[in-house]
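Model the full structure from these sequences, guided by the hints.
Here the protein sequences line up with chains A and B, keeping their order.
Using our numbering, you'd call the opening residue of the first sequence number 4 and step up by one each time.
Using our numbering, you'd call the opening residue of the second sequence number 13 and step up by one each time.
One or more hints might be untrue.
[Unchecked claim] Short derived list, chain B residues pointing at chain A, Cβ under 7 Å: (1) Gln55; (2) Asp71; (3) Gln100; (4) Ala172; (5) Ala276.
Keep in mind the hints are simulated off the structure, nothing from the lab.
For every residue, glycine included, the Cβ atom is placed at its ideal position computed from N, Cα and C.
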Amino acid sequence: MDAFTTLTAIAAPMPMQNIDTDKIIPARFLKTIKRSGLGIHLFDPLRFDKDGNEKPDFILNQEPYRKAQVIIAHENFGCGSSREHAPWALLDFGIRAIIAPDFADIFYNNSFKNGILPIRLPRAVCDQLIDDTKMGGNARVTIDLARQVVIRPNGEEIGFEIDAFRKHSMLNGLDDIGQTLQHDKKIDSFEADRAANQPWLPSTAA
Amino acid sequence: MSTSGPRTLFDKIWASHVVERLPDGTCILYIDRHLVHEVTSPQAFEGLRMAGRKLRRPDMTIAVADHNIPTVGSRIPADIKEEDSRIQVETLEKNVKEFGVPYIPILDVRQGIVHIIGPELGLSLPGTTIVCGDSHTSTHGALGALAFGIGTSEVEHVMATQTLLQNPAKNMQIDVSGTLGFGCSAKDIVLAIIGKITTAGGNGHVIEYTGDTIRALDIAGRCTVSNMSIEAGAKAGLIAPDQTTFDYLRGREFAPKGDDFERAVAYWKTLPTDAGAHYDTIVRLSASDIAPMVTWGTTPGAVVPVTGVVPNPMDEPDEGKRAQLQRMVEYMALTPGQHMTDLGIDVVFIGSCTNGRIEDIRAAAAVAKGRRVAAGVQALVVPGSGLVKRQAEEEGLDRILLEAGFEWRDPCCSMCLGMNPDKLTPGQRSASTSNRNFEGRQGPNGRTHLLSPAMAAAAAVTGRLTDVRQLV
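Dropping the structure here:
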């Protein structure tokens with residue numbers, strides 16, 4: 004996973020609620036056994052017509068937002084399925100951060116595992132940032148994870164919350180499995196206790 | 013959440029699975045059951061392979077293919093016509109061999125949708141933690157298990173460590189009391205709940221369903237309610253184990269046997285929420301206010317009683333919400349004020365992890381009996397598992413449905429999300445017992461109305477959305 008430290012980038016406004024995972028990437032594109040190459044299907048139903056042509060009114064089909072690395076949206080971004088294909092598609096397109104009033108839990112988790120930073124900010128602040136994106140190609144938003152601030156094009160800084168563990172992993176690009184395996188002995192002893200206390204818990208092996 | 017004093021069911025299951033608490037409060041949580049399917053696992057197995065890792069506990073893992081399987085014709089993987097579907101199924105079969113994961117083959121009568129077979133085979137037990145790379149893992153909470161969907165990176169994490177890194181959720185109580193009205197079912201309860209609390213109402217929470225209406229539901233009904241917890245945004249749903257749960261589990265293939273079962277029950281009886289335990293959020297519903305429900309829009313929260321009408325977006329004061337309502341009305345090709353029962357339908361789908369159980373098929377057959385599917389309507393019945401299918405055939409339900417003009421298919425996720433050939437064509441309108449009505453969910457530009465199995469069967473025989481109470 005790539006580390007996330009600071010990012011200065013074009014942000015694409017998507018002022019919609021409930022941008023669900025079937026909008027981010029429909030089920031018919033989940034039939035892959037790879038993580039890569041999903042960016043071409045990102046937001047397929049919003050981005051392309053039934054013949055596969057770009058819909059000109061969709062934000063990511065417009066300049067300068069084709070190069071956006073940040074999306075700013077409304078409530079409940081990423082609701083629906085647990086498909087990690089959603090953050091894989093976003094990342095493959097180039098998105099590294101999403102700012103919204105709140106996120107669906109599984110999507111929120113999945114984003115961190117792929118180096119995409121989801122930032123929760125109040126609706127009014129999101130609307131301000133959405134207004135900022137309409138100032139043209141030079142209007143860039145900056146995200147400084149170490150200081151936990153979003154910096155508007157006018158220089159105003161807005162603080163955001165993030166769990167310390169997730170922040171540390173993102174800043175250093177650390178893999179969760181490696182970190183958990185440092186606690187291997189604890190898992191061993193937990194399993195030993197469990198086998199003694201709940202011996203009735205059966206095996207899945209027939 | 014509470015760690016001392018009176019505790020909720022969720023607090024108890026959580027506390028008994030914490031392996032280690034990290035300084036910022038993140039917990040390493042132990043996982044008792046890992047259910048694996050073909051869509052969200054290939055990249056996880058590949059990750060293990062690249063890192064030279066094994067599965068820590070294959071004996072706590074079980075795999076089944078369910079999303080891509082055809083519901084008609086040959087079910088041999090090599091015969092699956094869509095190449096990408098075939099590759100996903102064959103990749104799962106190769107991976108389970110290589111990593112030694114217990115596997116239920118497609119031709120085994122026990123094969124089915126992972127969230128149907130978990131309870132059915134006694135794999136889903138009270139007080140355990142269950143995960144799967146699938147959001148509808150919340151289903152298994154019906155038996156008092158803490159069960160939630162995870163992404164593929166987390167699937168790999170569980171495979172490698174049998175744990176997950178998790179932050180505690182908040183406790184929400186949804187209490188439903190009173191007697192459910194004639195013609196209403198568990199599906200109507202959960203649609204009414206989502207309509208009330210919205211699709212984001214449960215975000216950050218585990219929902220515990222309580223009250224005498226919930227207690228009176230059988231395990232199938234409890235599964236339907238808990239299944240759709242995720243549609244309310246919740247991490248998981250929970251229903252405290254009781255005699256209904258114990259009676260259901262006794263004798264099932266993977267449930268504890270003999271003395272072990274009695275010891276397990278003694279433990280399970282300690283799990284229900286203590287008197288005076290704290291819930292962060294409490295919601296109350298009266299069952300007598302619940303009518304047969306049907307969704308009109310493209311989120312499960314856009315729902316009305318079948319006697320209701322399509323809302324008018326102009327009545328919504330918030331600009332953003334108004335725009336979303338407008339978009340839903342247009343996508344669904346509706347007119348504000350239109351009666352739901354005036355909407356003609358093209359396709360009926362009875363099945364899915366929400367409503368693919370024997371009780372659901374009985375409810376559909378009871379309405380279908382002696383009637384005919386309306387002209388021009390295609391009506392699919394897709395049992396949730398091979399065991400459900402066999403049971404239905406033993407009861408003669410397949411004959412009732414076939415004689416009424418329904419199609420009797422083989423088990424799979426099918427038209428819930430259209431990863432196999434069962435899809436809506438653009439513009440088709442469906443009455444579906446599944447869980448999501450998102451744009452394009454059942455096929456590009458398809459239009460989905462969610463409802464109960466009895467309501468779906470009623471729509472099939474009349475050719476339009478219908479109040480089932482007028483037919484039974």
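Hint-by-hint comparison with the structure:
1. At its closest, the beta carbon of Gln55(B) sits 5 Å from a beta carbon of chain A; the interface hint therefore holds under the 7 Å criterion.
2. The interface hint given for Asp71(B) holds, since its Cβ lies 4 Å from the closest Cβ of chain A, which is under the 7 Å cut-off.
3. Hint status for Gln100(B): holds, given a least beta-carbon distance of 6 Å to chain A, under 7 Å.
4. Below 7 Å, beta-carbon pairs count as interface contacts, and Ala172(B) has one with chain A at about 5 Å; its hint therefore holds.
5. Taking 7 Å as the C-beta cut-off, the interface hint given for Ala276(B) holds, the closest approach to chain A being about 5 Å.
Hint check: no violations occur; every hint is consistent with the structure.
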